[in-house]
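Protein chains in written order, with this note's numbering: chain G, 1 to 223; chain D, 224 to 446.
Among these hints, one or two may not hold up.
[To be verified] For the chain G half of the interface with chain D, some residues (derived, Cβ under 10 Å), not all of them:
{"hint": "1", "residue": "Q22"}
{"hint": "2", "residue": "S25"}
{"hint": "3", "residue": "G39"}
{"hint": "4", "residue": "E47"}
{"hint": "5", "residue": "L52"}
{"hint": "6", "residue": "C91"}
{"hint": "7", "residue": "L133"}
{"hint": "8", "residue": "A148"}
{"hint": "9", "residue": "A176"}
{"hint": "10", "residue": "K214"}
{"hint": "11", "residue": "N215"}
{"hint": "12", "residue": "Q217"}
Calculated from the structure, these hints are not laboratory results.
Since this is a predicted model, take the numbers as computed values, not measurements.
By construction, the Cβ of each residue, glycine as well, lies at the ideal position given by its N, Cα and C atoms.
2 protein chains.
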Amino acid sequence: MKVQLVSNLLDANSAIAHDLRQGFSRRGIFVLNLMSAPGAGKTTILERTVELLRERLRIAVIEGDICTTIDAERIARQGVPAVQINTEGACHLDAHMIARALETLPLDLLDLLIIENVGNLVCPAEFDLGEDLKAMVISVTEGNDKPAKYPLMFHEARAILANKIDLLPYTNFDLAVLRRDLDELNPEAPLFPVSARTGEGLEAWADWLAAAVKNKQSTTAAD
Amino acid sequence: MKVQLVSNLLDANSAIAHDLRQGFSRRGIFVLNLMSAPGAGKTTILERTVELLRERLRIAVIEGDICTTIDAERIARQGVPAVQINTEGACHLDAHMIARALETLPLDLLDLLIIENVGNLVCPAEFDLGEDLKAMVISVTEGNDKPAKYPLMFHEARAILANKIDLLPYTNFDLAVLRRDLDELNPEAPLFPVSARTGEGLEAWADWLAAAVKNKQSTTAAD
Numbered sequence: 001m002k003v004q005l006v007s008n009l010l011d012a013n014s015a016i017a018h019d020l021r022q023g024f025s026r027r028g029i030f031v032l033n034l035m036s037a038p039g040a041g042k043t044t045i046l047e048r049t050v051e052l053l054r055e056r057l058r059i060a061v062i063e064g065d066i067c068t069t070i071d072a073e074r075i076a077r078q079g080v081p082a083v084q085i086n087t088e089g090a091c092h093l094d095a096h097m098i099a100r101a102l103e104t105l106p107l108d109l110l111d112l113l114i115i116e117n118v119g120n121l122v123c124p125a126e127f128d129l130g131e132d133l134k135a136m137v138i139s140v141t142e143g144n145d146k147p148a149k150y151p152l153m154f155h156e157a158r159a160i161l162a163n164k165i166d167l168l169p170y171t172n173f174d175l176a177v178l179r180r181d182l183d184e185l186n187p188e189a190p191l192f193p194v195s196a197r198t199g200e201g202l203e204a205w206a207d208w209l210a211a212a213v214k215n216k217q218s219t220t221a222a223d
Numbered sequence: 224m225k226v227q228l229v230s231n232l233l234d235a236n237s238a239i240a241h242d243l244r245q246g247f248s249r250r251g252i253f254v255l256n257l258m259s260a261p262g263a264g265k266t267t268i269l270e271r272t273v274e275l276l277r278e279r280l281r282i283a284v285i286e287g288d289i290c291t292t293i294d295a296e297r298i299a300r301q302g303v304p305a306v307q308i309n310t311e312g313a314c315h316l317d318a319h320m321i322a323r324a325l326e327t328l329p330l331d332l333l334d335l336l337i338i339e340n341v342g343n344l345v346c347p348a349e350f351d352l353g354e355d356l357k358a359m360v361i362s363v364t365e366g367n368d369k370p371a372k373y374p375l376m377f378h379e380a381r382a383i384l385a386n387k388i389d390l391l392p393y394t395n396f397d398l399a400v401l402r403r404d405l406d407e408l409n410p411e412a413p414l415f416p417v418s419a420r421t422g423e424g425l426e427a428w429a430d431w432l433a434a435a436v437k438n439k440q441s442t443t444a445a446d
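Please work from the sequences and hints to get the whole structure.
Given below as structure tokens:
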């Protein structure tokens with residue numbers, strides 16, 4: 001009974017996500033779904049990413065949190081449209097929430113839509129939001145055992161950002177060990193060591209993301 | 224339909240948790256349910272706590288993770304019984320999982336059972352495990368916005384550990400702001416600033432926990 005319902009929920013989500021994905025492609029919008037544990041630094045990374053890309057791409061952001069509008073306010077200060085979804089207890093975003101949030105965004109004027117998921121290393125990985133790219137952030141303060149303990153998230157992500165590398169000297173985290181673990185779980189995903197605080201490494205990430213957006217748009221235009 | 228099932232699930236969990244709580248009280252076992260985001264340092268705190276208390280109390284530990292037995296192996300090295308529950312995808316422990324794990328523990332020879340929940344700031348707070356005390360760990364590297372964003376967890380905890388205070392000089396985290404936020408959400412919960420790495424602050428936490436165990440045992444004995 002329990003398994004049955006979970007499967008129905010995921011099926012219903014997939015159907016909505018499928019429609020979202022078609023709509024995004026029709027409009028040439030590239031969609032990033034960014035995930036991490038609480039406090040890994042997603043929002044600060046997004047502030048910096050928007051700063052680096054807003055001259056090159058038309059960007060909007062959907063912020064997912066259980067409550068508060070803190071994050072959408074932070075992003076709106078960067079001068080791009082930002083919507084806040086409050087899940088009111090739910091531990092992840094689902095495709096239906098995204099569909100409703102889209103109603104408030106200027107979809108015909110966007111190149112890149114960034115969705116910041118609820119801070120959670122488990123449930124968000126299971127819910128398709130119609131995105132082109134799932135990416136995740138691990139903070140180096142979280143420890144090297146995270147890929148072993150949360151393999152689905154590390155396997156599903158198509159790009160991984162290791163944040164807070166300015167704190168590396170004060171932790172026992174080893175980036176080489178992380179790369180080795182990813183070689184097992186997810187060998188093709190690029191790893192971007194970054195510090196959202198100092199800005200180190202974020203240009204490489206932003207350039208890679210911009211290239212992925214352009215690549216989708218040129219493919220769509222050729223259809 | 225969805226709400227209905229969630230409510231049934233929680234009702235079923237509460238019924239099992241109620242039985243667990245009666246069994247623990249009958250045996251004079253104090254139960255701690257320890258929660259946090261991934262990578263906040265729960266396991267290292269438990270290693271240190273066991274080290275500080277194992278001469279005074281008979282302790283066992285139940286480790287909850289989606290997969291791997293890394294944490295139970297770490298605790299077993301401290302010379303106390305440790306059981307690993309693998310939730311196989313589930314983002315929290317429930318009372319039924321605890322009931323099954325208990326079958327492998329020497330319940331008549333225990334004063335303190337510590338349950339380390341799955342690393343997740345959302346779902347574990349909703350599932351009663353029959354514990355006497357919910358406690359939570361926040362790492363100071365996670366940022367000051369966590370109580371606003373995950374209010375249920377910060378409200379439900381009866382004790383809060385702020386870990387990794389050795390990293391305070393390298394972050395913009397403010398312990399006074401955390402205390403002020405807790406004064407709103409949860410004024411009676413003590414806040415223990417600790418560093419699991421250096422050991423700072425952990426004796427105060429361990430002494431407080433030992434006093435809570437003794438308090439329950441003297442109350443139970445008086446019945």
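Structure-based check of each hint:
Here the hint on Q22(G) is broken, as its CB sits about 25 Å from the closest CB of chain D, past 10 Å. Of the supplied interface hints, the one on S25(G) is violated, with its beta-carbon coming no nearer than about 29 Å to a beta-carbon of chain D, more than 10 Å. Against a cut-off of 10 Å between C-beta atoms, the interface hint on G39(G) holds, since the closest Cβ of chain D lies about 3 Å away. Interface hint at E47(G): violated, since its Cβ lies 13 Å from the closest Cβ of chain D, which is beyond the 10 Å cut-off.
The interface hint given for L52(G) is violated, since its Cβ lies 22 Å from the closest Cβ of chain D, which is over the 10 Å cut-off. Interface restraint check: C91(G) against chain D, minimum CB-CB distance 4 Å, threshold 10 Å, status holds. Among the interface hints, the one on L133(G) is violated; its C-beta lies about 22 Å from the nearest C-beta in chain D, farther than the 10 Å criterion. Satisfaction of the interface hint for A148(G) is found here, the shortest Cβ-Cβ separation to chain D being roughly 5 Å, below the 10 Å cut-off.
Because the closest C-beta pair between A176(G) and chain D is about 18 Å apart, greater than 10 Å, the hint is violated. Checking K214(G) against chain D by beta carbon gives a least distance of about 33 Å; that is not within 10 Å, so the hint is violated. At about 32 Å, the closest approach between the beta carbon of N215(G) and any beta carbon in chain D exceeds 10 Å, and the interface hint on this residue is violated. The restraint placing Q217(G) at the interface with chain D is violated, with a minimum CB-CB distance near 34 Å, outside the 10 Å limit.
Violated hints, in rising order: 1, 2, 4, 5, 7, 9, 10, 11, 12; the structure is consistent with all others.
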